[in-house]
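Sequences listed follow chains A and B, in order. Counting from 1, one number per residue, gives the positions in the first sequence under this note's numbering. Counting from 1, one number per residue, gives the positions in the second sequence under this note's numbering.
Because the hints were derived from the structure by calculation, they are not lab data. Note that beta-carbon positions come from the ideal geometry of N, C-alpha and C, so glycine has one too. It is possible that part of the hints are untrue.
[What the hints assert, rightly or not] Among the chain B residues that face chain A by a calculated CB cut under 10 Å, a handful are: (1) Arg79; (2) Gln87; (3) Ile91; (4) Arg94.
The chain contents come next:
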Amino acid sequence: MKGWLFHLAVLGVLAVLAVILPAYHANNLARVLVLAVFATGYNLAFGYTGMLSLGHALFFGAGMFGAALPVTLWGWGGLPVLGTGMLAGGVVAAAVGVLALRTKGVSFMIVTLMFAQAGYLTLIYCNAVTGGDQGLVLPGAARQVLGLDLTQDGSRLWLALGIYAAALAGALGLVGSRFGRVMLAMRENEERSRMLGYDPYTVKLKVLVISGLYAGLAGAAYGVFFGYAGAGFATVQYSILPMLYSLLGGAGTALGPLIGAAVMFWLIDFASGLTNAYLMLVGVVLIVVVLFAPRGILGYVRERWLPWLP
Amino acid sequence: MAAVILQAKGLAKAYGGLKAVDGVDFALNAGEIHALIGPNGAGKTTFVSLLSGRIAPDAGQITLAGQDVTALPAHLRVRKGIAYTFQITSIYPRLSVFDNVALAAQSQGARDLAGAVGVALGRVGMQGLAGQEAGTLSYGHQRLLELAMGLALKPKVLILDEPTQGLAAGEIDDFGALVRSLVPHTTVLMIEHNMEVVMDLAHRITVLNFGRVLAQGTPAEIRANPAVQAAYLGTDDAAA
Ligand SMILES: Nc1ncnc2c1ncn2[C@@H]1O[C@H](COP(=O)(O)OP(=O)(O)O)[C@@H](O)[C@H]1O
Ligand SMILES: [Mg+2]
Chain A
1 MKGWLFHLAV LGVLAVLAVI LPAYHANNLA RVLVLAVFAT GYNLAFGYTG MLSLGHALFF
61 GAGMFGAALP VTLWGWGGLP VLGTGMLAGG VVAAAVGVLA LRTKGVSFMI VTLMFAQAGY
121 LTLIYCNAVT GGDQGLVLPG AARQVLGLDL TQDGSRLWLA LGIYAAALAG ALGLVGSRFG
181 RVMLAMRENE ERSRMLGYDP YTVKLKVLVI SGLYAGLAGA AYGVFFGYAG AGFATVQYSI
241 LPMLYSLLGG AGTALGPLIG AAVMFWLIDF ASGLTNAYLM LVGVVLIVVV LFAPRGILGY
301 VRERWLPWLP
Chain B
1 MAAVILQAKG LAKAYGGLKA VDGVDFALNA GEIHALIGPN GAGKTTFVSL LSGRIAPDAG
61 QITLAGQDVT ALPAHLRVRK GIAYTFQITS IYPRLSVFDN VALAAQSQGA RDLAGAVGVA
121 LGRVGMQGLA GQEAGTLSYG HQRLLELAMG LALKPKVLIL DEPTQGLAAG EIDDFGALVR
181 SLVPHTTVLM IEHNMEVVMD LAHRITVLNF GRVLAQGTPA EIRANPAVQA AYLGTDDAAA
C-alpha cells in the first residue's frame with residue numbers, strides 16, 4: 001500500500017512537471033520517459049531475475065520497426081502500430097530467449113549480443129524495406145494516437161507519461177506477485193529454485209518475453225513520438241543504456257530505471273554544455289556511484305531509509 | 001509388507017573412473033524413516049541426488065509410487081512430491097525468512113500463503129523470525145530454515161542430507177521429535193552421521209560403501225552386522 005502511494009506520488013510530480021516544463025525540457029522528459037519504459041523492462045530481466053542481456057537493443061529495434069513498417073508499408077495509424085511494435089519486441093525476445101537461455105552468465109551475455117548484432121545487420125541488409133542506414137521517416141498522419149498529435153511536444157509528453165505509468169504499474173504488479181518472488185529466487189539461487197519445483201528455463205523465458213514487450217513498446221513509442229525509425233537503435237549501445245540506467249538508478253528497484261535514465265540524460269545534457277569531453281565527466285559520476293552506492297541511487301535509499309521500497 | 005513409495009533399480013553414476021554409485025537397488029517404504037549411512041565419500045549424496053533428479057544417472061531406473069520418473073527433470077520430481085534439502089545449506093540469503101518458505105509453499109499451490117509459511121516455520125520453532133533476512137540467521141537456524149522449506153513443499157518423500165550437521169544438542173533433540181512427527185504421513189530418507197540420531201529415529205537403515213549397498217535392515221540388525229562393523233561402525237564415527 002505504502003509502495004503504491006509512493007509511486008502514485010511520483011507520477012503526480014511528473015504530471016505537474018508536464019504542465020509547467022518549458023518546451024525544450026518537456027521534449028526531453030518525454031524522451032526520458034520512453035527510455036525509462038525500456039529500462040524498466042530491462043530491469044525486470046536484469047535487476048530482478050539476474051539475466052544480463054546485451055540483446056535488448058534488438059528488442060527495442062524490433063519494436064521500432066514493428067511500428068514503422070506497418071506505417072510505411074500499409075499506412076497503419078499510430079495506435080495500432082504501438083501494439084504491433086510491442087508484439088514484435090516480445091516475439092523477437094521469445095525467439096532469442098529459446099536459444100540463448102540454454103546458456104547463462106557471460107555466455108548468455110555474448111549469445112544475446114550476437115543475436116542483436118545479427119539483427120542489426122539484417123536491418124541494414126534489408127534496406128529496401130527498412131531504409132538501411134537512412135532509416136524511415138514517419139509521416140505526421142501516422143503520428144496521431146487517441147486524438148493526441150504527437151508532432152506536438154505537449155501531447156507527446158502526456159502520452160509518454162501515460163505509457164510510463166502503465167509500464168510502472170505493470171512492473172510493480174509483477175514484482176509484488178508470487179511470480180515476482182520466483183523471479184528473485186532465480187536471481188539469488190537458481191539451483192535451490194529448481195529443487196523447489198521451478199524450472200529456471202521457463203521462468204526466465206517468461207520474464208525475457210515480458211521484458212521484450214516493454215522494449216518493443218518503448219521502441220515503437222520512440223519511433224512514433226519522434227517520427228523516425230533507424231537501424232542505429234539496434235546497435236549494442238542501446239543494450240548498454242538500459243543497463244546503465246538500471247545500475248545507476250538501482251537494479252532491482254521499480255523506480256530505479258526512471259531515476260537512472262533521468263540522471264544520465266540531464267547529466268549528459270549539462271556536461272556537454274560545459275565541455276567536449278562530457279562522456280568523461282559522465283564516466284566519473286558512474287564510477288563514484290558504483291563506489292559509494294553499488295546498489296544504485298534508489299538501492300542506496302532503500303538500504304538506508306525505505307526498506308519497504310519494491 | 002508396506003507399500004514401496006520410492007524405488008531404485010540398478011542405479012549407477014560414475015565421475016570419470018570413480019564409480020560414486022555402483023548399481024544400487026533400493027526401496028523406500030511408505031511412512032518409514034529410513035537412514036542412509038556410510039563413510040565419507042561412500043556415495044550417499046550422489047545417490048540421493050540421483051533420486052531427486054539433481055543429477056542424471058548413467059544407468060538404472062527410479063519409480064515414485066509405481067511411476068517411472070527416471071527421465072523426469074528435478075523440478076517436476078519436486079512437484080510430484082520428492083523434496084530434497086541440501087547438505088550444504090542452500091537458502092536465499094538476501095530474501096526474508098518468509099520469502100524463503102513462501103517460495104516452497106507457493107510451489108505446491110498453497111492458497112493461504114501466510115498461513116502455510118506460518119505452519120512450516122512453527123514446526124521448526126522459527127515463527128518469530130519471518131521478517132529477518134535469511135543470510136543473517138545463525139547457522140543452526142539456516143539449517144532449520146532449509147528444513148522448513150522442505151516441509152512447506154508438503155512432500156511425499158522428504159530427503160534430508162545430513163540435517164543435524166552443525167546443530168547444537170538441544171536442537172538435535174527437537175529435530176528428532178519433528179522428524180518423528182512427520183511420519184507416517186510423509187516418508188523420510190535421511191543421510192545422517194550422528195549414530196545416536198540414526199539408531200534412535202530410523203526404522204530401517206541402508207549402509208553404503210564404495211557406491212554399493214553393504215547392508216540393509218533394522219537398527220538392531222545393522223548394529224549386529226559384522227561387515228558393517230568392520231567397514232563403518234568400528235571406525236571413529238561410531239563414537240558420535
Ligand atoms: N561432482 C563431482 N565430480 C567428481 N567427483 C564427485 C562429484 N561428486 C562426488 N564425487 C565423488 O564421488 C564420491 C561420492 O561422493 P558423495 O556422494 O558426496 O559421498 P558422501 O555423500 O557419501 O560423502 C566421492 O569420492 C566424491 O569425491
Ligand atoms: Mg554427502
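Quick rundown of the hints versus the structure:
no. : hint  : in the structure
1   : Arg79 : 5 Å, holds
2   : Gln87 : 12 Å, violated
3   : Ile91 : 7 Å, holds
4   : Arg94 : 6 Å, holds
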